[in-house]
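Visitor: With the hints in hand, could you dock these two chains into one complex?
Chains as they are written, first to last, in my numbering: chain E, 1 to 114; chain X, 115 to 529.
No lab work stands behind these hints: they were computed from the structure.
Don't take every hint at face value.
[To be verified] Here are the simulated distance ranges between beta carbons:
1) E:Met1 <-> X:Phe242: 51 to 59 Å
2) E:Met1 <-> X:Arg511: 17 to 25 Å
3) X:Tyr143 <-> E:Asp77: 24 to 32 Å
4) X:Glu504 <-> E:Lys53: 44 to 52 Å
5) X:Arg336 <-> E:Glu85: 33 to 41 Å
6) X:Lys394 <-> E:Glu85: 26 to 34 Å
[Claimed, not checked] Computed list of chain E residues with no C-beta within reach of chain X, every gap over 10 Å:
7) Thr11
8) Glu17
9) Thr18
10) Arg24
11) Asp30
12) Glu44
13) Leu45
14) Lys46
15) Pro47
16) Ala48
17) Asp77
18) Glu97
19) Asp107
Cβ coordinates follow ideal geometry from the N, Cα and C atoms, glycine included.
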Amino acid sequence: MPTPKDINDPTLREKVETAFAEMRAGKGTDAVRTLADSFLYLLELKPALLQEKIAMRNREIPRVMRWPALGANIKLDSVIAGKPEIEFIRERFSVSEAMTYYQFVLDEALEKNA
Amino acid sequence: MKFGLFYELQLPKPADKDQWNPDDERRIYHEMLEQVELADSLGFDYVFEVEHHFLEEYSHSSAPELMMAALSQRTKNIRLGHGIVLTPPNYNHPARIAERISALDILSNGRVEFGSGESASEMELGGFGVERGLKKAMWEEATREITNMMTSTPYAGFQGEFFSMPTRNVIPKPLQQPHPPLWVAASRRETTMVAARLGMGSLGFGFETPDELGERALEYYRLVREELMPIGHAINPALAVLNTFMMADSDEEAMRRSANGPAFFSYSLGYYYNPAVGGKHPPGEFNVYRDFLNRSSETAQMQQQRGGFLSPEEIRSEEPADEVQKALYRAARSGNAIGTVETLRKTLLKYEEQHLDTMIFVAQCGDRKHEHIMESIETFGKHLLPEFKERHESEHRKWRAEQLKGVDFPINSSI
Chain E
1 MPTPKDINDP TLREKVETAF AEMRAGKGTD AVRTLADSFL YLLELKPALL
51 QEKIAMRNRE IPRVMRWPAL GANIKLDSVI AGKPEIEFIR ERFSVSEAMT
101 YYQFVLDEAL EKNA
Chain X
115 MKFGLFYELQ LPKPADKDQW NPDDERRIYH EMLEQVELAD SLGFDYVFEV
165 EHHFLEEYSH SSAPELMMAA LSQRTKNIRL GHGIVLTPPN YNHPARIAER
215 ISALDILSNG RVEFGSGESA SEMELGGFGV ERGLKKAMWE EATREITNMM
265 TSTPYAGFQG EFFSMPTRNV IPKPLQQPHP PLWVAASRRE TTMVAARLGM
315 GSLGFGFETP DELGERALEY YRLVREELMP IGHAINPALA VLNTFMMADS
365 DEEAMRRSAN GPAFFSYSLG YYYNPAVGGK HPPGEFNVYR DFLNRSSETA
415 QMQQQRGGFL SPEEIRSEEP ADEVQKALYR AARSGNAIGT VETLRKTLLK
465 YEEQHLDTMI FVAQCGDRKH EHIMESIETF GKHLLPEFKE RHESEHRKWR
515 AEQLKGVDFP INSSI
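Just chain X, with the same shape it has in the complex (with noise of 0.2 Å):
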C-alpha cells in the first residue's frame, strides 16, 4: 500500500469574528507547502490537491495547478496529484487543462497524477453555470478530449456537445507517456465501477472500510479486465481511499490533537453540497465555523465522534444508508487513522489485507495545527511507512501485476 497526503486548504473563520485574520490564507498555503515538503523527505508517495471555488472556510484551493507548481520546485519525489480538476468547460476551458497538466509534468519531471470530477456543489455550478443535470456528460466528454489533445500532433479539433474547437497543435506535450495516470474522483461504489470501465484510478472519497474495499478491490480489477472501455490512451488501474489522520503518543492525545477536523470537515461538506442550505448560503457572510459549534454545542460529545451535517436524530441512529450521507458520516468519526503507531498499523493492516493500492490522508482540516500535523507526518514517516513500502515493493506488486494478466491495453500508472 502506497500513501498519500489530501489538502482541501480548510481555513475555518474565528469563532468570534465575521471574517478571518488578515494572514490566515497566506499561513494555510505556506503550512501545506511545509507538509508536503516534509512528507516527499519521508518518502510518501502522494500529495492530492482538491479544485473548489467560493467554498469558504471547507476549501480554499481554487488554484491548485500553482500549489502543484510551487511543489513541482520544492520536493523530489511525491507524486503531485490533482484531486480532481473540474474538467466541465464552463470551470476550465478543456484545452487550458491539458496544457497546465502538461506544463506540470514538466516541471516536475513527470511527477503528475491527473484527477478530474465535476463536483456537486450549488455555489460551483450556479457560479460557473453548469447545469446540474449535464455535468458527468461535461465531465467525459471533456476528459476525454483532452487526453486527445495531449497525445495528439495536432490535436484535430472537435465539436462536441459542450466545447468546439479548431484544429490546433496543443502545447507542451506532457512528459509521462502517453499522458498521465488518470483518476476520477468516486464517492460511490457505482463510481468506482464506472472508473474501472473507464480504465481510470478510483479516488475514493467514501471512506470505504476495510471490508467493503475487499469485494471492491476484486470487482474493480475484474472490472479492468474483462469490461474495459478506455477513456484515455493508457489506463490508471488504482483504488485509493481517504481516511482522516491524526498521530501521537496515545490515542487519547491523538484524539484530543485530532480536534474537530473531523467534524467540520463533514459538517461544511455536507453543508455545501446540501442544495437546500450550501445553495442558499450568503457569499462573504456567513460563518460557517461559528454555525458548526453552535449546533455541535447541543450535541458535543455525538458530534465529536460522529458529527457531520447531520440531524441529531441522524447521529443518533445507525448508520445511513445512502452512500453520501454514509461518507459524511464515516468522516465526521474521529477513529480512522487517528491515534499510536500501534493503532494505525492495526487499521492500516486490514487494508492492506484486502488489498488497497493507495491510503490518502486528509491532516489538514477543522482548526487542527499545523505543529501537530508536522510531528504526524514525521511519525509515520519513520515509524509506519518503510514497513508498507517494504510490503508494497514485494508482496502487493505481484498481487496487482496477477490481477492484470491479460490486459493488452497500455498502462501508465505509479502504483
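Pulled out of the complex, with its shape left as it was, chain E reads as follows (with noise of 0.2 Å):
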C-alpha cells in the first residue's frame, strides 16, 4: 500500500506531503507545481530513469515521458538533452488533475526506492 511514508529520501518525501496537503485543501494548482518540482527532483536523485525506454505502439520512448501531459508537460528534447524541465502551458490545475500527478511521483518514487 504505497503512501508518501515510503518514501525514502527525506526531502522527496516532504515534496510530496506537501503536495498531498494542498490537494487536501483544494488548491490543484500549487498541488501540481510542487508535484511537478517532486518529480524533476527524482530525476536528479535517479539520473538513471533519464535513460530508461519503454514500448509504445511499436517503437520506444523514454519513460519518463509517461509523466501525464495535463498542462504541465516535461519536454521530449529537455529529456533527450538530459536536462528535463516541464513547462506550465496552463496557470490553474483541477485537483483532480493534481490526484493523477502525485499517483504517477508517488509509483515512480517507490518502484524506484527513491
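Guide: Shown next, in the form of C-alpha cells:
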C-alpha cells in the first residue's frame, strides 16, 4: 500500500507530503507545481530514469514521457538532452489533475526505491 | 459480485455498401430495449450506456438519456447507468445534466447511476470545441457543480473557469438523496485511484485481469478510507470491470457466435481514439467495418484472437505496456467471458475472489446477432446469476463493510 511515508529520501518525501496537503486543501494548482518540482527532484536523485525506455505503439519512448500531459508537460528535447524541464502551458489546475500527477510521482518514487 | 450490461450501440456498416440499411438504427435501439427488458426480468443489476457523438459505427448512442427514459418505463429493478455522461460544458450544460439526471431518477423511482467523463476522441472534442488539454479540468468543475445543483435549494450560482451561471433553483431534485451514485470512466490504474480519492465508483474500461484487480481493489478501498476528498455529497465506493460476453452450449459455438464483435469493438475504438487516424475520419463517407475486414484478412486468425487497431507486428508481440493500448489488446481478445456456463463460472470466480464489486458485460458489439445476445443473457441469468447474487449478499457485502469501516462521509451506493 504505497504512501509518502514509504519514500526514503526525506526531501522528496516532504515535497510529496506537501503536495498531498495542498490537494486536501483544494489547491490543485499549487499541488501540481509541487509535484512537478518533486518529479524533477526525483530525476536528480535517480538520473538513470532518464535513460529508461518503454514500448509505445511499436516504438520506444523515454519512460519519463509517461508523465501525464495535462498542461504541465515534460519537454521531450529536454529529456533527450539530459536536462529535463516541465513546461506549464496553463496556469490553473484542478484537484483531479493534481491527483493524477500525485499518483504518478508516488508510483515512480516507490518503484525506484527513492 | 453484481452484474450488468454495457452498451455502445455499435452499428457496423454492411461491408458491401457505403451506408447502413434504412432500418438499421431503429433495429439496434429496439434490440437493446428487448435485451435490457430480459436482463431485468432475470435479475441483472445494471445497464450502463455510453454517450458518444459522431463516432459512426463505433457508437450510435448520442442521446442515452432518452434510451434510459424508455427503459425506466419498461423495466422494474435494473439500475439505469450513464456510462458515462460527457460533462465538459461544451457537450452539455451542467444545469441540463442535473435536470436530466434528476428527472430520470424520478421516472425510474430512484434507479439512476450517474457516471461522468470527458471522452478523448478528436471527433467529439473537435466537434464540440472542447480543448483536449482542459477536458479533465472541465469535467471536474462541471461534475462538482452538478452535485451542488442537485442538492442546493436554490443553487447559489457559480463563477467558474469553464462555465458560469446566476442563482437559480435547478429542478427537479433527484429521488435518491443526496444524489444518485457517482461513477467515473477509468481506463488507467491512476484514474481508478483518482476515483477512490474523489469518492466515485470506478467504471474500469481497462479490461483488467483478476490479478490486477486484486491489487487495485485493496488499494482503492484503502484510499477511500484514508485519502478521501469527495467531489460530491455522498460517495459511491465501487469497482466495476468490463468484459466481453457471449454464451453457448460449447466454447467453440460461443466463440463462433461472438463473431468478430470484440475485435471490431477494439478496432473501431482504437480507430477513433487515435488522434492521428480518428481525427481525420471523413464524416459520412468512410466504412470502418470494411476497413476492419480488409485489415483483418491480412492477419485473420490473430485478429480474431487479439486484433484491434494494432499493427500486425504489435499483434504478434506480447501484451503492450501502455495501458490504453493494453485495454485495446484485451478488448479484442475473444476469450474473456465467452463460453459455456462452466467456462464463465471459472473465469468469474477469479474476479469474485479478488473482491470485484461489479462485472459489466459487453454483449452488443460488432456484427453479433440479437438472438445470440438474448440467448446468452437468458443462459447467464438462469444458470450463473443466482449463485453469484447469493454470495454477493452473504460474503461480499461483509468484506466491503469491513473495507469501509471508519469512513464517516455519507454513502449512496447500490453495491
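Visitor: If a hint holds in the structure, say so; if it doesn't, say that too.
Guide: Results for each hint:
1. Distance hint for Met1 (chain E) and Phe242 (chain X): a CB-CB separation of about 40 Å, inconsistent with the stated range 51 to 59 Å.
2. Met1 (chain E) and Arg511 (chain X) have their C-beta atoms about 23 Å apart, which keeps the hinted 17 to 25 Å range intact.
3. Remark: the range hint 24 to 32 Å for Tyr143 (chain X) to Asp77 (chain E) is contradicted by a beta-carbon distance near 50 Å.
4. For the hinted restraint 44 to 52 Å between Glu504 (chain X) and Lys53 (chain E), the CB-CB distance of approximately 49 Å keeps it satisfied.
5. At roughly 34 Å, the beta-carbon separation of Arg336 (chain X) and Glu85 (chain E) lies within the given 33 to 41 Å, and the hint holds.
6. The beta-carbon spacing between Lys394 (chain X) and Glu85 (chain E), approximately 31 Å, falls within the hinted interval of 26 to 34 Å.
7. With a least beta-carbon separation of about 22 Å from chain X, Thr11 (chain E) lies farther than 10 Å from that chain, consistent with its non-interface assignment.
8. Distance to chain X confirms Glu17 (chain E) as a non-interface residue, since its nearest Cβ pair spans about 12 Å, more than 10 Å.
9. For Thr18 (chain E), the condition that its CB be more than 10 Å from all CB atoms of chain X holds, with the nearest at approximately 15 Å.
10. With a least beta-carbon separation of about 6 Å from chain X, Arg24 (chain E) fails to lie farther than 10 Å from that chain, contradicting its non-interface assignment.
11. Listed as a non-interface residue, Asp30 (chain E) keeps its Cβ farther than 10 Å from every Cβ of chain X; the least gap is roughly 14 Å.
12. With 10 Å as the threshold on Cβ separation, the claim that Glu44 (chain E) sits away from chain X holds: the shortest Cβ distance comes to roughly 23 Å.
13. Interface exclusion of Leu45 (chain E) from chain X stands, the closest Cβ pair being 21 Å apart, more than 10 Å.
14. Against the 10 Å criterion, Lys46 (chain E) stays outside the reach of chain X, whose nearest CB is about 19 Å from its own CB.
15. Look at Pro47 (chain E): its CB is around 22 Å from the nearest CB on chain X, clear of 10 Å, so calling it non-interface holds up.
16. At the 10 Å boundary, the C-beta of Ala48 (chain E) stays outside the reach of chain X, the nearest C-beta of that chain being 18 Å off.
17. With a least beta-carbon separation of about 19 Å from chain X, Asp77 (chain E) lies farther than 10 Å from that chain, consistent with its non-interface assignment.
18. The non-interface label for Glu97 (chain E) is inconsistent with chain X: the shortest C-beta to C-beta separation is roughly 5 Å, within 10 Å.
19. The claim that Asp107 (chain E) is not at the interface with chain X is violated, since a C-beta of that chain comes within 10 Å of its own (minimum 8 Å).
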